[in-house]
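Can you make the complete structure from the sequences, with help from the hints?
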Amino acid sequence: MGPLKWALLGVLLSASLFAIDSVELRRNQPTERISGSAGDVLEDDPVGRLKVFVYELPSKYNKKILQKDPRCLNHMFAAEIFMHRFLLSSPVRTLNPEEADWFYTPVYTTCDLTPNGLPLPFKSPRMMRSAIQLISANWPYWNRTEGADHFFVVPHDFGACFHYQEEKAIERGILPLLQRATLVQTFGQRNHVCLKEGSITIPPYAPPQKMHTHLIPDKTPRSIFVYFRGLFYDVGNDPEGGYYARGARAAVWENFKDNPLFDISTEHPTTYYEDMQRAVFCLCPLGWAPWSPRLVEAVIFGCIPVIIADDIVLPFADAIPWEEIGVFVDEEDVPKLDTILTSIPPEVILRKQRLLANPSMKQAMLFPQPAQPGDAFHQVLNGLARKLPHDKNAFLKPGEKVLNWTAGPVGDLKPW
Amino acid sequence: MKLSALQQSYLNRRSNSFRGSAQLDSAADGSVKSPAAVFWLVLHGVCCLISLVLGFRFSRLVFFFIFSTSATNLYTAPFRGAAEIASHLDVRSTPVTGAADSVPGNMTAVVASSTSRVVVGRHGIRIRPWPHPDPVEVMKAHQILERVQREQRALFGVKNPRTVIAVTPTYARTFQKLHLTGVMHSLMLVPYDLVWIVVEAGGVTNETASIIAKSGLRTIHVGFRQTMPNSWEGRHKLESRMRLHALGIVREQKLDGVVMFADDSNMHSMELFDEIQNVKWIGAVSVGILLHSTDSSATIQREGEEESTPMPVQGPACNATNKLVGWHTFNSLQYVGRSAVYIDDRAPVLPRKLEWSGFVLNSRLVWKDVDDKPEWVKDLDELDGAGEEVESPLSLLKTTSVVEPLGNCGRQVLLWWLRVEARSDSKFPAQWIIDPPLDITVPSKRTPWPDAPPELPSNEKMSVGAQTQDQQINKHSTKTKTPRTRRSRTKRRHDTKVIGVQASTLSVSEQQN
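Protein sequence lines correspond, in order, to chains Z and W.
By UniProt numbering, the letter at position 350 of the first sequence is numbered 350, and the numbering carries on one by one without gaps.
By UniProt numbering, the letter at position 266 of the second sequence is numbered 266, and the numbering carries on one by one without gaps.
The hints are simulated quantities; they were obtained by calculation from the structure and are not laboratory data.
Errors might be hidden in some of the hints.
Computed beta-carbon distance windows for the label pairs [what the hints assert, rightly or not]:
| # | chain 1 | residue 1 | chain 2 | residue 2 | range |
| --- | --- | --- | --- | --- | --- |
| 1 | Z | I344 | W | Q412 | 50 to 58 Å |
| 2 | Z | Y272 | W | L217 | 35 to 43 Å |
| 3 | Z | I344 | W | N278 | 51 to 59 Å |
| 4 | W | K353 | Z | I344 | 51 to 59 Å |
For each residue, glycine too, the CB sits at the ideal point set by N, CA and C.
And the structure:
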């Protein structure tokens with residue numbers, strides 16, 4: 001009996017080391033902890049692992065802009081504002097710049113809104129440049145590293161390329177002054193000019209309170225197979241189709257508009273959040289940019305995201321195993337979407353739902369006020385902490401200059 | 001701040017919520033009239049004219065045919081779209097500006113992002129040859145949905161569901177089939193184990209047995225020696241006794257589960273069965289009272305009243321902390337003197353103060369010799385001898401404060417009480433089988449079919465005979481037109497005024513309902 005007992009113990013021990021546990025939580029849904037090298041990272045606590053110094057910029061870079069247009073607090077680019085507020089009162093903040101590992105510049109570049117609420121990026125390069133000139137003139141820390149230990153939040157469509165149109169953004173490229181800095185942005189696409197090596201991808205801002213007031217009871221059966229609400233053709237800007245979403249959304253419509261399994265339309269229902277909680281799959285196709293708040297909504301509401309965006313880099317990709325949670329469909333496979341989705345084995349679907357039910361997953365996608373442990377703010381800090389210590393060529397020898405301060409389009413050089 | 005021309009044009013187009021298109025921007029870029037710009041403009045105009053004539057954009061096809069022979073990787077990527085368009089015959093036939101402009105845009109984009117497989121620019125819209133649902137896949141999807149919902153029920157639904165014991169007192173009458181079919185269908189949908197105890201007044205009949213046999217449920221069909229009296233008063237009394245008899249069966253057979261009273265003319269929601277699983281010993285739910293009132297005077301009286309009429313709901317009443325403090329009963333004062341006395345009266349039928357159907361019991365309450373029975377429950381045998389009518393299961397209790405209010409403390413109405421019986425002068429077919437077949441007595445004088453006999457000789461008191469038609473399937477075939485000379489039972493003076501009524505005929509070999 002002895003050796004058998006030890007063998008059993010050994011088996012159990014190894015099983016617990018390698019397997020993914022299922023944990024009973026207070027809501028009584030067994031979830032799965034995303035264990036292994038990727039998932040545990042979600043629960044890391046960044047406090048004590050890094051120190052951030054927040055530059056005091058004149059209020060024309062942040063507060064005054066917000067005062068002029070308070071709508072910036074509610075749109076999907078609000079992460080830059082909330083990041084600033086979080087850092088001001090966070091325990092990682094240090095008032096002594098000498099001991100800081102990272103430096104944060106609070107400049108709200110995505111707050112110049114049209115009457116419709118969309119941000120215009122035309123002044124953003126100048127604003128950013130002006131801010132950098134200010135910090136390099138008033139503090140020595142920029143020149144010390146030419147920005148290698150500074151990070152900036154640039155949540156606009158194509159990040160620091162500062163344009164909403166992809167072709168223009170590619171032409172412009174990332175702002176030359178930000179070449180050495182770490183960018184925290186929502187845009188992520190592999191092999192793309194606007195995604196720098198070492199950037200941290202964050203989810204777009206989605207209002208947490210609003211989503212939590214629309215929760216429905218867990219036992220409501222999920223009876224919608226595939227759910228999507230949004231545009232398929234952007235008639236105002238691309239009436240023919242083919243540019244918008246690289247034709248993928250239009251392909252979804254044309255192939256599946258009469259399919260009873262696909263609840264897709266352009267309507268804007270008041271029960272949008274409730275409907276997502278009644279669906280098994282939620283489509284998250286690209287739009288003009290590959291990222292969208294639908295991913296955040298799908299994760300919060302437990303609907304498996306179907307990501308149709310070639311080469312996309314999803315938020316916190318080094319911490320969240322998106323391959324295990326969502327379904328990735330190539331844009332060229334869109335006509336076969338129904339075949340792909342119905343051929344997923346039910347066990348795999350149930351496992352994805354269990355992973356989605358994990359509260360640390362949902363928490364990592366949100367920007368709650370006040371900040372809570374494990375939320376997106378902390379994941380950003382975790383990402384920054386993982387990049388420490390800075391390597392040797394971050395710190396420049398005195399007098400060495402790497403950045404070209406006059407590079408870029410002529411219009412960018414005008415003072416702001 | 002001065003806006004450049006570019007921004008101006010962009011702003012004009014950003015009246016929609018989304019991005020501007022590349023084509024017009026690139027057109028606006030060339031503010032300097034260089035020879036190249038002029039050349040492109042002219043070429044653009046020529047291409048536009050040609051597309052107008054042809055009816056579709058041909059630029060892609062041109063480049064496809066010119067460059068496909070060289071077959072370099074750089075060019076195949078953006079023209080993947082063109083190939084798709086050509087092969088799927090999905091040609092977007094709008095005459096579009098910038099047919100030539102987009103081409104240089106594509107080429108530069110390709111050169112810029114040559115390492116990425118994702119290309120900026122216009123792509124084709126891929127549509128498969130048969131863009132309609134495949135039934136096999138739809139079935140697979142439904143199986144997936146079923147599996148997901150089963151998992152949800154297992155996680156969030158009722159754990160350890162108990163057997164539902166449904167008690168139904170019934171007796172053979174005209175509307176029995178209709179009521180019993182409704183209850184039967186509700187019980188067949190219950191996702192838990194079910195035992196259906198049907199107690200029939202006047203003894204077991206084949207009629208009832210044949211109805212409940214179709215359910216596929218586990219049924220216990222017993223007879224009760226007394227026949228159902230003709231008055232509502234008497235009926236309610238007898239039903240109570242029949243229910244007690246059923247409880248005796250539960251005790252005898254030691255059936256374990258939740259006892260609910262499914263009267264045969266009530267309507268039950270599925271949530272009721274989920275909710276009653278939560279009962280510990282005895283629970284009460286809210287019952288909506290539907291008064292079948294054909295009296296118009298009832299509504300007049302209602303308008304004359306000053307205070308609002310109370311809700312016709314019976315059930316537990318709770319205070320703010322969700323504790324049971326009393327009962328909502330039905331206010332029958334306004335119906336005094338006008339309620340039905342006999343079963344086939346035309347007046348509204350009133351419920352008792354608290355109907356049996358609003359209560360659910362743990363079956364162990366009626367078991368004999370069970371140790372963990374709570375002390376506030378009386379033994380079932382004590383009630384048997386009682387000369388008084390047992391109005392509700394509350395008589396089983398020594399104190400009513402132990403009743404658990406279910407359905408969000410009575411706020412959800414989970415079932416509806418209704419009593420409807422056939423009128424005494426009704427002439428519904430016995431056992432709902434029409435035998436002999438119906439007479440057709442409606443003369444259709446305005447039929448368009450040429451073969452219709454215009455008039456047929458009448459027989460005795462009967463009206464002109466028939467235009468017989470088959471039931472809607474063979475509407476246009478002109479089939480049997482034999483006049484029927486049998487008597488019609490319905491009021492014929494109304495029928496002759498109705499023209500064009502499609503009277504259906506049943507063939508001799510008719511099906512059973």
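Do the hints match the structure? See the list:
1. I344/Z to Q412/W: 50 to 58 Å: Hint violated: Cβ distance 37 Å, outside 50 to 58 Å.
2. Y272/Z to L217/W: 35 to 43 Å: 41 Å, holds
3. I344/Z to N278/W: 51 to 59 Å: 35 Å, violated
4. K353/W to I344/Z: 51 to 59 Å: 56 Å, holds
In this structure, the earlier hints numbered 1 and 3 are contradicted, and the remaining ones agree with it.
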